[in-house]
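Asks: What follows is the residue order along each chain.
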Amino acid sequence: MGLFDKKKDKPKPKPDFGNVKSGGSSTAPARPPVAAPTAPARTYTVVKGDSLSKIAKREYGDANKWRAIYDANKDIIKDPDLIYPGQVLTIPRG
Amino acid sequence: MRRRAPAALVLILALLVSVGCRRQQQGEAESLAPAVSVSDIDLGRSLNPDRSIADNAASFKPSDTIYISVATEGSASSATLTAKWTYEDGQTVDQSTQTISPTGPARTEFHISKPDGWPVGKYTVQVMLNGALAGTKEFEVAP
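Line by line, the protein sequences give chains G and Y.
Take 16 as the starting number for the first sequence in this note's numbering and just add one per residue.
Take 569 as the starting number for the second sequence in this note's numbering and just add one per residue.
Bound conformation, chain G alone:
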C-alpha cells in the first residue's frame, strides 16, 4: 500500500511498422532504366553434319530453339533445313 503500491513505469513498447504500405508517383518522367550491357552475340562456324537443331541443342541445350538461330541469320540462311559447312552463324543469347 501507499508508497509501495506505486506502479513502475514500463517502457512503452515500440510500435510495429512492418506492415506499412508506401507508394508514390510524379509528374516528372521517371528516369529510364539503364539498359544492362548486352554481351556480344557469339558466332559459330557450321561444320559437316550440322543442322540448326543440333547447333541449338549444343548451344542452348534445347534443339527446339533452332528458330532463334534461324531468325538471327535469315540474311544468310534461305532454308532452315539447308546450312553449309563454313557458314558463320550468329548465335543469339539464349
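Don't take each hint at face value.
[To be verified] Cβ-to-Cβ under 10 Å is the rule here; a few derived chain Y residues that face chain G:
{"id": "1", "residue": "Asp608"}
{"id": "2", "residue": "Ile609"}
{"id": "3", "residue": "Asp623"}
{"id": "4", "residue": "Asn624"}
{"id": "5", "residue": "Val638"}
{"id": "6", "residue": "Ser646"}
{"id": "7", "residue": "Tyr655"}
{"id": "8", "residue": "Pro673"}
{"id": "9", "residue": "Leu701"}
{"id": "10", "residue": "Lys705"}
[As the list claims (entries may be wrong)] Restricting the straight-line Cα-Cα distance to at most 25 Å, the calculated cross-link-like pairs of lysine to aspartate or glutamate (DMTMM-like) are:
{"id": "11", "chain 1": "G", "residue 1": "Lys36", "chain 2": "Y", "residue 2": "Asp618"}
{"id": "12", "chain 1": "G", "residue 1": "Lys27", "chain 2": "Y", "residue 2": "Asp618"}
{"id": "13", "chain 1": "G", "residue 1": "Lys27", "chain 2": "Y", "residue 2": "Asp632"}
{"id": "14", "chain 1": "G", "residue 1": "Lys29", "chain 2": "Y", "residue 2": "Glu656"}
{"id": "15", "chain 1": "G", "residue 1": "Lys27", "chain 2": "Y", "residue 2": "Asp684"}
{"id": "16", "chain 1": "G", "residue 1": "Lys69", "chain 2": "G", "residue 2": "Asp90"}
{"id": "17", "chain 1": "Y", "residue 1": "Lys690", "chain 2": "Y", "residue 2": "Glu641"}
{"id": "18", "chain 1": "Y", "residue 1": "Lys690", "chain 2": "Y", "residue 2": "Glu656"}
{"id": "19", "chain 1": "G", "residue 1": "Lys29", "chain 2": "Y", "residue 2": "Glu708"}
{"id": "20", "chain 1": "G", "residue 1": "Lys36", "chain 2": "Y", "residue 2": "Glu708"}
{"id": "21", "chain 1": "G", "residue 1": "Lys93", "chain 2": "Y", "residue 2": "Asp657"}
{"id": "22", "chain 1": "G", "residue 1": "Lys27", "chain 2": "Y", "residue 2": "Asp662"}
{"id": "23", "chain 1": "G", "residue 1": "Lys29", "chain 2": "Y", "residue 2": "Asp618"}
{"id": "24", "chain 1": "G", "residue 1": "Lys27", "chain 2": "Y", "residue 2": "Glu706"}
{"id": "25", "chain 1": "G", "residue 1": "Lys29", "chain 2": "Y", "residue 2": "Asp684"}
{"id": "26", "chain 1": "G", "residue 1": "Lys29", "chain 2": "Y", "residue 2": "Glu706"}
{"id": "27", "chain 1": "G", "residue 1": "Lys27", "chain 2": "Y", "residue 2": "Glu656"}
{"id": "28", "chain 1": "G", "residue 1": "Lys89", "chain 2": "Y", "residue 2": "Asp684"}
{"id": "29", "chain 1": "G", "residue 1": "Lys29", "chain 2": "Y", "residue 2": "Asp657"}
{"id": "30", "chain 1": "G", "residue 1": "Lys36", "chain 2": "Y", "residue 2": "Asp623"}
{"id": "31", "chain 1": "G", "residue 1": "Lys36", "chain 2": "Y", "residue 2": "Asp632"}
{"id": "32", "chain 1": "G", "residue 1": "Lys63", "chain 2": "Y", "residue 2": "Glu656"}
{"id": "33", "chain 1": "Y", "residue 1": "Lys690", "chain 2": "G", "residue 2": "Asp31"}
{"id": "34", "chain 1": "Y", "residue 1": "Lys652", "chain 2": "G", "residue 2": "Asp31"}
{"id": "35", "chain 1": "G", "residue 1": "Lys89", "chain 2": "G", "residue 2": "Asp77"}
{"id": "36", "chain 1": "G", "residue 1": "Lys93", "chain 2": "Y", "residue 2": "Asp632"}
{"id": "37", "chain 1": "G", "residue 1": "Lys29", "chain 2": "Y", "residue 2": "Asp662"}
{"id": "38", "chain 1": "Y", "residue 1": "Lys690", "chain 2": "Y", "residue 2": "Asp657"}
{"id": "39", "chain 1": "G", "residue 1": "Lys27", "chain 2": "Y", "residue 2": "Glu708"}
{"id": "40", "chain 1": "Y", "residue 1": "Lys629", "chain 2": "G", "residue 2": "Asp31"}
No wet-lab data here; the hints were simulated from the structure.
No experiment lies behind these values; they were computed from the predicted model shown.
Glycine included, each C-beta is placed from N, C-alpha and C at the ideal position.
Got chain G sorted already, so can you dock chain Y onto it with the hints?
Replies: Using the frame of chain G, we list chain Y on its own:
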C-alpha cells in the same frame, strides 16, 4: 601631384580587378547551383491530379493515408527524391525513393498507409534530394 597619380591609378586598377573577380565568382556559383531544387513540401490526406495536396493537414487519424507532395524546380537527367518517415522516438516508419528526370517544375508525391492503423503520436518526414536534406515536416496522429 605627379607622384600621387600612379598611386590613384593603381587603386583604380585594384578596384576594377576586385569587381571583376567578384563577378566571376558569382558566375561560378551560378553554374555550380544544383539543377533541381525543392521549392515546396506539403502534407495532406488526398491528392489532386497534378500531385499537389488537396487538403493540407498536420493532424491525421489512425486510419488515414498520409500524403506528402514535393514540388521541385529545374531540370535534370536524373534526380533522386527520398521520403523518410519516422515515429516520435526516431523509429523508421518507411523510406522510399523515386528517381525522376524533371524537365521543369514538377510534383512528386509519396504516401504511406497502415492497414491496422497508425499508432497515436508525433511523426516526422524528411525529404532528401540527391541524398541531401531538402526539408522536414512534422505531423501527429491523434485518435
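Asks: Mind listing which of the numbered hints don't hold for this structure, in increasing order?
Replies: 1, 2, 3, 4, 9, 10, 12, 17, 21, 23, 28, 32, 36
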